[in-house]
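Undergrad: Dock chain B against chain A, hints included.
Number of protein chains: 2
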Amino acid sequence: MTDAPSAALAAPQDTPVSNETIAALMAHRTIRAFAEGGLDEPTVTTLLDAARHGATSSFLQQTTIIRVQDPAIREAVHGASRQPYVGGSRGELFVFVVDLHRNAVIRQRAGASLEPLERMSVFLQGLEDTVIAAQNMVVAAESLGLGTVYLGSIQGDARAVIRALGLPERTFPLVGLIVGRAEQTPQYKPRLPRRITTGVDAYPRLEAQEEALAAYDTTVQEYYDLRDANARLDSFSTLIARNLGVGAAATAPTLEILREQRLALH
Amino acid sequence: MTDAPSAALAAPQDTPVSNETIAALMAHRTIRAFAEGGLDEPTVTTLLDAARHGATSSFLQQTTIIRVQDPAIREAVHGASRQPYVGGSRGELFVFVVDLHRNAVIRQRAGASLEPLERMSVFLQGLEDTVIAAQNMVVAAESLGLGTVYLGSIQGDARAVIRALGLPERTFPLVGLIVGRAEQTPQYKPRLPRRITTGVDAYPRLEAQEEALAAYDTTVQEYYDLRDANARLDSFSTLIARNLGVGAAATAPTLEILREQRLALH
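Just so you know, the protein sequences line up as chains A and B, in that order.
Here UniProt numbering is used: the first sequence runs in plain steps of one and ends on residue 266.
Here UniProt numbering is used: the second sequence runs in plain steps of one and ends on residue 266.
No lab work stands behind these hints, which were simulated from the structure alone.
Keep in mind that a hint or two might mislead.
Note: identical chains are not told apart, hence a pair may lie in one copy or across any two.
Straight-line C-alpha distance at most 25 Å; calculated SDA-like pairs for lysine to any residue [unchecked claim]:
id, residue 1, residue 2
1, Lys189, Gln69
2, Lys189, Leu258
3, Lys189, Leu255
4, Lys189, Asp201
5, Lys189, Thr45
6, Lys189, Thr43
So here's chain A without its partners, still in its complex pose:
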C-alpha cells in the first residue's frame, strides 16, 4: 500500500492549482477487476472513519454503512447487482444505506412524531449524507492507491438487498461500493467539457454549445476506440439516446420500494 496513486493512474490533465489530494481526485477512474481477498483491518477502519466524518445535513447523521463479509450475503448483493465483479471475494464490499430508522427509534422514545421522516425533503437530507460518506470512502481509498467501483447496480433488486441485510423500515440501500487492489489500469474516461456542465449565474443551455458537444462526441468515440479496437465506436450522444434508462437498475420500481420502506411519501 502506498500513499500516492500508482504511476499507471497518473492524472491525464493538470489543474491550475494542484496538490496530492487534487491530483488523486483528477486521477479517478472506475476499477472492475480486483485482486482476490478483502482489505486489512486498519485500512477498513480508516475507510469507515473517513466516510463517517463527512458533512451531515442538519447534523442528523442519516446514513449507515454495512460491510459485507458473509459469502451468502455477498452473493445476494451480487444477484441484485448482476455485475460479475460483485460475485466471489475480490475486494471489500460495502453497502451505503440511507438511514432514517435510527432517528425514528430516538424520536419514538421521546414521544416525537414520525411524520417528518416520511417527507421527501428529509429523505433528500439522508441521501446527501449517504453519498457524501460513500464519496469520502472513495477518495480515501484512492489516496491509498486502492481501486473502487460504485454499485448503483444494486437498484436492480433493492428488495433483495433489504432482505439480505435485514434493513428495517425507513432505510434504503442506495449504493454498493467495492474497494480493493486494482488488477487493471483502465484509460481515463473523458468528461463533458467544463463549458457544457458548468455555468455562471444561469443554466448553461446545450443549444449554445453545439460545437463543444460535437467535439466531445468525437473524443468519446476515440476513447472507446483506444479501449477496444473492435468495439463499436459510440459517441456520448449515441450512448445517451440508446443506453439511458436501460437495464435492471434504471427500470426498477424504485419509487414503489421507497414507499414500502415508508420513505419519500410526501
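TA: Just chain B now, with coordinates in the frame of chain A:
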C-alpha cells in the same frame, strides 16, 4: 494558500492508516464565517475540474454546477436559504443541480423517448452524480486550506432558486456550497460512534447499542458546552427529537417541486 489544512483544523483523532488526504477528510468541519470576496480564477477552475471528474452513474453525467457571481442572484439564493452567511459576497457560491434536461435534449434530437427521465431510479442516478461532484469540490477546497459550507437550506425555497438561475424542466437545485477563506476555527463536531453507524453483514440495531448512544449523548453535550458555555446543553437524542423536520428546508413541498420539474414521477 497552502497545500495542507491549517494547524487550527488539524484532525482531532488519528486513523490507523493515514496520509495528507485522509487527514484532511478527518479534519472536516463546516465553516460559517468567510473572508470578504470570492476565489481567484485558477482556484475556481481547479475546484470545478475536481468536481467534474468524480464517478458518474452509468456515464450519464447528470449534473451541472452553477457559479453565482451576480449579487442579485446571490441575494435570491440567500432569500431561499435564509442563512445570514449566504448574503453579501463572502466566499464563492456554487449551486449543484441534478440535471436530466441536458440528456433530454440529446434524446429528443435522436427521437428517443423522454419517459426514462421521469423515473425515480434515473433521478437517483442524477442525485448521486450531483452529490459526488459537490463532495469532490469540498475535498479539493479543504485540501487547499479553504473552508466550505453545504447549503441544503436552499430547499427552503427551491422554486426561487429555479427562477433565479433559469433552470429548465428536468433539473433540480439540490445543494448550494460556499467555498472561501475561513474566518473562524470551529471545534470538531463529534460523530456517532462507528459501532452505531456501521455494521457487518446486517443492519446495526440501535436497541443493542444503548450504552454507546448514552455515551455519545454526553459527548455531544460536552461539545455544545465547549462551543458556548451559555448554551442549553443538548444531547444528540434531544436534538433529533426536537429539531429533525423543523425549518423551511425540512418542511418544504419538495416532492411537489420535483413533480413540477418532471422528475421522480414514477
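Undergrad: Give the relationship of Lys189 and Asp201 under a CA distance limit of 25 Å: within one copy only, between copies only, both, or neither.
TA: Answer is neither: 28 Å inside a copy and 33 Å across each miss the 25 Å cutoff.
Undergrad: My question is about Lys189 and Thr45: at a cut-off of 25 Å on alpha-carbon distance, are they close within one copy, between copies, both, or neither?
TA: between (30 Å within a copy, 19 Å between copies)
Undergrad: Classify it for me, Lys189 with Leu255: is the Cα-Cα distance of at most 25 Å met within a copy, between copies, both or neither?
TA: Neither: 31 Å inside a chain and 34 Å across chains, both beyond 25 Å.
Undergrad: Is it within a copy, between copies, both, or neither that the alpha carbon of Lys189 lies no farther than 25 Å from that of Thr43?
TA: between (27 Å within a copy, 23 Å between copies)
Undergrad: How would you label the pair Lys189, Leu258 (within, between, both, or neither) given a Cα cut-off of 25 Å?
TA: neither (32 Å within a copy, 31 Å between copies)
Undergrad: Please sort Lys189 with Gln69 into within, between, both or neither, judging by C-alpha distance up to 25 Å.
TA: neither (31 Å within a copy, 31 Å between copies)
The structure shown violates the earlier hints numbered 1, 2, 3, 4.
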